[in-house]
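The lines below spell out each chain.
Number of protein chains: 2
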Amino acid sequence: MTETDESGEDAKPPIDFYFDFSSPYGYLAAHKIGEMAGLYGREVDWKPVLLGVIFKATGAQPLLDIPIKGDYARRDMDRTARMMGLPFVLPEVMPFPSVPAARAVYWTKDRHPDKAVALVKALYDEAFARGGDIRGAEAVARIAGTVGLDAGELTAALGDPAVKERLKTEIEAAMQAGVCGSPFFVVDGEPFWGADRLDHVERWLATGGW
Amino acid sequence: MTETDESGEDAKPPIDFYFDFSSPYGYLAAHKIGEMAGLYGREVDWKPVLLGVIFKATGAQPLLDIPIKGDYARRDMDRTARMMGLPFVLPEVMPFPSVPAARAVYWTKDRHPDKAVALVKALYDEAFARGGDIRGAEAVARIAGTVGLDAGELTAALGDPAVKERLKTEIEAAMQAGVCGSPFFVVDGEPFWGADRLDHVERWLATGGW
Chain A
232 MTETDESGED
242 AKPPIDFYFD
252 FSSPYGYLAA
262 HKIGEMAGLY
272 GREVDWKPVL
282 LGVIFKATGA
292 QPLLDIPIKG
302 DYARRDMDRT
312 ARMMGLPFVL
322 PEVMPFPSVP
332 AARAVYWTKD
342 RHPDKAVALV
352 KALYDEAFAR
362 GGDIRGAEAV
372 ARIAGTVGLD
382 AGELTAALGD
392 PAVKERLKTE
402 IEAAMQAGVC
412 GSPFFVVDGE
422 PFWGADRLDH
432 VERWLATGGW
Chain B
232 MTETDESGED
242 AKPPIDFYFD
252 FSSPYGYLAA
262 HKIGEMAGLY
272 GREVDWKPVL
282 LGVIFKATGA
292 QPLLDIPIKG
302 DYARRDMDRT
312 ARMMGLPFVL
322 PEVMPFPSVP
332 AARAVYWTKD
342 RHPDKAVALV
352 KALYDEAFAR
362 GGDIRGAEAV
372 ARIAGTVGLD
382 AGELTAALGD
392 PAVKERLKTE
402 IEAAMQAGVC
412 GSPFFVVDGE
422 PFWGADRLDH
432 VERWLATGGW
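Which chain is which? The protein sequence lines are A and B, in order.
Add 231 to a position in the first sequence, counting from 1, and you land on the number used in the numbering used here.
Add 231 to a position in the second sequence, counting from 1, and you land on the number used in the numbering used here.
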């Protein structure tokens, strides 16, 4: 059974894009994946997760806290952003709690789906294009207001048990899908980890695999 | 003060290429970095290290042993090798001790420098193109014989305290240079970690940085 769109052609499934709002490489990928998907007639399913939960399963440490590797990573993030032509400023606190931001995205996907992508990019830009603080519910609601969402309605939603549960369920599903870091992409069942795998993702979209 | 070659042009310094023989991505990079360097008039300084020593400083675990991430990594290595057009077979024991292989390379660089690159590639190919076992001194000496080195002379050298000390010194220097994984490249002072940074390396060689 295949889905068909209005033109009668087979509708291809979306690219699953998993990311933590505290992930610098997730920010970089968020500015590339939508356009890339569009070139191949694909949508993107934007799925924030919490690396803190995933790292409990993998035993990983926050990248920037690791001796030697953390210093390298700061340099690599900055260089990669310059290569991609994106502004980049590391927030003061890294990694930072991203629960309100993640919940806000799932709520927006359900209630105001046309604003979800803009919200993801606005939150990421506040954190990594300007080095701002998006940890708290107030900051998230304020940024949501800039993309046309109702800040009061969103603030109420962030405390809703159903919204909290939704994020938990999504993270469990992500771990079942093998998500081990951020950014992480799944294209037609094939997993790709890292902004540095965008070239693999594009080739997979173009060729169907190799 | 700048060095000049016979043509009178400035001689550019070599690319430092650090790798562990037990590193699959090191194998992939070893088949690309020499040709890439040559395109930009550069030599490569081939520097085997031991990730076991480096990981003690960074707290890292062997990649393939990490829950969830290890499964992903197996898939990514295989896919990356296919994309690069290189054969790839994972040896049964991973990671494996690579002390004799590393010592053999430094001894060869000192005594028979014209055979050092061939030795690196022959060792790596035995491990990752054919899934062979290069852990022991006997295996290393046998492979050295295939590139025109004297197996007996090499076997004697592997037990030489000066050769043992040489490897230790090189690893200490690598850590001082910020090496946190394999493969790792330093181009004119700029560090790059991972086979997936070869595109950055090439652009750095072409442009002098960005």
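A few of these clues could be false.
[Stated by the list, open to error] With a straight-line cut-off of 30 Å between C-alpha atoms, the simulated DSS-like cross-links for lysine-lysine are:
| id | chain 1 | residue 1 | chain 2 | residue 2 |
| --- | --- | --- | --- | --- |
| 1 | B | Lys399 | A | Lys287 |
| 2 | A | Lys243 | A | Lys263 |
| 3 | A | Lys263 | B | Lys263 |
| 4 | B | Lys399 | B | Lys243 |
Calculated from the structure, these hints are not laboratory results.
Checked hints:
1. Our distance criterion of 30 Å between C-alpha atoms is broken by lysine 399(B) and lysine 287(A), whose separation comes to about 34 Å.
2. For the given pair, lysine 243(A) sits about 19 Å from lysine 263(A) by alpha-carbon distance, which is consistent with the 30 Å threshold.
3. Between lysine 263(A) and lysine 263(B) the CA atoms are separated by roughly 27 Å; this keeps the pair inside 30 Å, and the hint holds.
4. Distance check on the hinted pair: lysine 399(B) and lysine 243(B) sit about 27 Å apart at the alpha-carbon level, within 30 Å; holds.
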